[in-house]
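Novice: My request is simple: use the sequences and hints to build the entire structure.
To convert, note that position 87 of the sequence shown is 87 in my numbering; the numbers rise steadily by one, no gaps.
Hints listed in this document are in silico derivations from the structure and should not be mistaken for laboratory results.
Just so it is clear, CB atoms sit at the ideal spot from N, CA and C, and this is done for glycine as well.
Don't take every hint at face value.
Stated by the list, open to error - Distance windows between CB atoms, simulated:
1. G11 with E50: 47 to 57 Å
2. I14 with R94: 14 to 24 Å
3. G3 with A53: 25 to 35 Å
4. L77 with W15: 18 to 28 Å
5. V7 with P56: 22 to 32 Å
6. D51 with K90: 19 to 29 Å
7. I87 with S6: 43 to 53 Å
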Amino acid sequence: MNGTFSVKLPGGKIWTPAFVCSLDEQKCIGCGRCFRVCSQGVLQLVGVSEDGALIPFDDDDEDEYQKKVMTIAHPQLCIGCTACAKICPKKCYRHVPAQI
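Specialist: Here's what the structure looks like:
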């Protein structure tokens, strides 16, 4: 059976979980708002070197990075709440509805 999975909430509203599937690193400004709002450990902030390589982020070595970006480190931990997308000022996230 294929279809979208939805839940009827106690107030009667229908909710469909939507899982994070991509993040536009070109638009990301590395602000960390999404990281702070995600309680599931899905996201990870990384540095971007001069040649565009993603490298582990360390506050002590900020001079090594051209910029910081968020990455989807553990997509399997996403619970479909879309809090990351709701708080992102640059609208970097794309989600897909839960499927049966």
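Novice: Each hint should be assessed against the structure and marked as holding or not.
Specialist: Going down the list of hints, with the structure as the test:
{"no.": "1", "hint": "G11 with E50: 47 to 57 Å", "result": "51 Å, holds"}
{"no.": "2", "hint": "I14 with R94: 14 to 24 Å", "result": "21 Å, holds"}
{"no.": "3", "hint": "G3 with A53: 25 to 35 Å", "result": "41 Å, violated"}
{"no.": "4", "hint": "L77 with W15: 18 to 28 Å", "result": "19 Å, holds"}
{"no.": "5", "hint": "V7 with P56: 22 to 32 Å", "result": "37 Å, violated"}
{"no.": "6", "hint": "D51 with K90: 19 to 29 Å", "result": "23 Å, holds"}
{"no.": "7", "hint": "I87 with S6: 43 to 53 Å", "result": "23 Å, violated"}
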